[in-house]
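From first to last, the protein sequence lines are chains L and X.
Going by numbering that gives the first Met the number 0, the first sequence opens with residue 0, and the numbers climb by one from there.
Going by numbering that gives the first Met the number 0, the second sequence opens with residue 0, and the numbers climb by one from there.
Quick caveat, the hints were computed from the structure, so don't treat them as lab data.
Hints may contain errors.
Unchecked claim - Rough simulated footprint, nothing fancy, chain L against chain X, three-plus residues with beta-carbon under 8 Å:
1. 11-25
2. 102-108
3. 129-137
4. 144-154
Computed from a predicted model, the values in this text were never measured in an experiment.
The beta-carbon is built from N, C-alpha and C at its ideal position, and this holds for glycine as well.
So you can see what is in the structure, the chains are spelled out below.
Protein chains: 2
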Amino acid sequence: MREHTACLYGIGVGPGDPQLMTLQAFRTIQTCDIIALPAKTRQACHAYQIVEPVYPEIANMQVVCLPFPMLTDPDALRKAHDGIYQQIAAYLEEGQNVGMLTIGDPSIYATYIYIHQRARQAGFRVQMISGVPSFCAVASKLGISLVEGSEQLHVIPGSYDVRASMQYQGTCVYMKSGRKLSELLDVLEPYEAEGRCVVYGMSDCGMPTERAYDSVEGLRRAEGYLTTVIVKFEKQ
Amino acid sequence: MREHTACLYGIGVGPGDPQLMTLQAFRTIQTCDIIALPAKTRQACHAYQIVEPVYPEIANMQVVCLPFPMLTDPDALRKAHDGIYQQIAAYLEEGQNVGMLTIGDPSIYATYIYIHQRARQAGFRVQMISGVPSFCAVASKLGISLVEGSEQLHVIPGSYDVRASMQYQGTCVYMKSGRKLSELLDVLEPYEAEGRCVVYGMSDCGMPTERAYDSVEGLRRAEGYLTTVIVKFEKQ
Numbered sequence: 000m001r002e003h004t005a006c007l008y009g010i011g012v013g014p015g016d017p018q019l020m021t022l023q024a025f026r027t028i029q030t031c032d033i034i035a036l037p038a039k040t041r042q043a044c045h046a047y048q049i050v051e052p053v054y055p056e057i058a059n060m061q062v063v064c065l066p067f068p069m070l071t072d073p074d075a076l077r078k079a080h081d082g083i084y085q086q087i088a089a090y091l092e093e094g095q096n097v098g099m100l101t102i103g104d105p106s107i108y109a110t111y112i113y114i115h116q117r118a119r120q121a122g123f124r125v126q127m128i129s130g131v132p133s134f135c136a137v138a139s140k141l142g143i144s145l146v147e148g149s150e151q152l153h154v155i156p157g158s159y160d161v162r163a164s165m166q167y168q169g170t171c172v173y174m175k176s177g178r179k180l181s182e183l184l185d186v187l188e189p190y191e192a193e194g195r196c197v198v199y200g201m202s203d204c205g206m207p208t209e210r211a212y213d214s215v216e217g218l219r220r221a222e223g224y225l226t227t228v229i230v231k232f233e234k235q
Numbered sequence: 000m001r002e003h004t005a006c007l008y009g010i011g012v013g014p015g016d017p018q019l020m021t022l023q024a025f026r027t028i029q030t031c032d033i034i035a036l037p038a039k040t041r042q043a044c045h046a047y048q049i050v051e052p053v054y055p056e057i058a059n060m061q062v063v064c065l066p067f068p069m070l071t072d073p074d075a076l077r078k079a080h081d082g083i084y085q086q087i088a089a090y091l092e093e094g095q096n097v098g099m100l101t102i103g104d105p106s107i108y109a110t111y112i113y114i115h116q117r118a119r120q121a122g123f124r125v126q127m128i129s130g131v132p133s134f135c136a137v138a139s140k141l142g143i144s145l146v147e148g149s150e151q152l153h154v155i156p157g158s159y160d161v162r163a164s165m166q167y168q169g170t171c172v173y174m175k176s177g178r179k180l181s182e183l184l185d186v187l188e189p190y191e192a193e194g195r196c197v198v199y200g201m202s203d204c205g206m207p208t209e210r211a212y213d214s215v216e217g218l219r220r221a222e223g224y225l226t227t228v229i230v231k232f233e234k235q
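Let the sequences and hints guide you as you build the complete structure.
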């Protein structure tokens with residue numbers, strides 16, 4: 000295997016507030032030759048918009064836009080990821096360091112990982128830069144803990160089986176629940192009415208349209224695309 | 000209620016690598032009048048040791064050491080937290096901003112929250128500064144995702160019922176599993192042997208004694224006090 004000197008960085012830029020970027024993300028961006036964005040344009044890239052206020056010099060950097068398509072067919076999706084990887088690999092072959100920006104943390108529901116896995120497999124140097132996950136920012140904004148002492152934390156993505164999660168103890172975080180929100184609220188309502196859980200939520204955390212909620216009733220009025228719901232189940 | 004102008008900050012300083020501190024943590028520390036440490040001394044405080052390399056000026060700041068006792072009796076623990084809170088409240092009453100440092104993120108298994116709840120209840124201004132949780136840093140160091148697509152993430156603290164967690168789908172993260180590690184490995188071994196899960200682990204993440212593992216057998220040799228185990232269950 001040839002020795003590769005260039006590195007692919009998966010840079011978590013945190014949940015939205017530019018001040019929640021890590022020192023390492025901030026410094027790694029400055030050392031990259033190419034910034035890769037998982038979006039069609041700089042303007043359409045949430046991760047880019049997070050970086051710009053604290054590092055305006057990114058406007059002068061070489062940026063490549065590589066939108067990840069939303070495909071349900073696994074074969075088509077694999078081929079799309081192969082194609083994106085090939086474009087990144089070409090830069091790495093030239094000895095250029097590539098930093099792909101990703102919101103939140105690169106290990107949690109980030110499409111970056113599909114490029115990382117291919118680059119690592121091919122023998123390129125790879126490094127993930129951790130970021131603050133969105134659910135931590137939501138809890139901080141609400142001023143509540145996610146978990147204390149012996150409690151368990153369950154993070155459940157948009158495609159969850161809502162009813163199955165009602166058996167969990169501790170705290171459930173429902174991510175990106177915008178579309179499935181009313182279904183989730185229907186399931187939670189009787190549990191909340193019986194005092195078996197406490198329900199919190201936040202829409203558009205860190206954005207001008209941010210709103211906080213502390214009940215199922217409140218969340219019925221949530222309109223944000225990105226609504227995170229935090230449910231604390233009472234100890235049985 | 001009187002109007003309080005001073006603020007209590009719960010400052011997450013991240014998982015250990017000083018470069019994983021957020022810009023906001025870095026800047027908030029500089030604005031505080033008092034830095035509160037949940038430890039007996041600066042030297043014994045892991046959070047303080049994280050900050051010092053990137054902000055050596057903390058050595059000249061006014062620091063108050065407030066160790067949290069390890070008590071199992073709930074009444075005794077509540078009184079201990081009341082006592083720590085009273086000391087913090089005295090500074091806030093004087094109009095001094097207090098920043099309590101906490102490793103990782105202040106919403107995840109942080110004792111800071113017990114002081115936050117009391118200060119908020121008393122009408123003081125409070126603000127939590129999110130940090131990178133340790134399990135994100137472990138995944139990044141291992142170069143793996145925690146969760147992809149429709150997978151669920153379960154974070155399970157040291158006092159867990161190991162067997163009950165074997166029913167979960169997706170990924171389980173076992174935190175601070177040092178003492179209960181061999182019990183966990185005994186339960187995981189047959190699942191791994193049958194190809195029903197893949198087991199990763201890391202001891203002392205971010206410290207000179209850091210070690211990575213990718214099997215139950217490897218983890219049998221783990222000696223670190225802080226061992227994090229990541230188990231990915233195969234889809235059924």
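Against the structure, the hints:
Proximity of the stretch 11-25 of chain X to chain L, defined as three or more residues with a beta carbon under 8 Å from a beta carbon of that chain, is established by the 12 residues found. Counting residues of the stretch 102-108 of chain X whose beta carbon lies closer than 8 Å to any beta carbon of chain L gives 5, which meets the minimum of three for the stated coverage. A stretch counts as covered by a chain when three or more of its residues have a beta carbon under 8 Å from one of that chain; for the stretch 129-137 of chain X and chain L the count is 6, and the coverage holds. Residue count for the stretch 144-154 of chain X with a Cβ under 8 Å from a Cβ of chain L: 11. That meets the three needed, and the coverage hint holds.
Against the hints set out earlier in the document, no violation occurs for any number.
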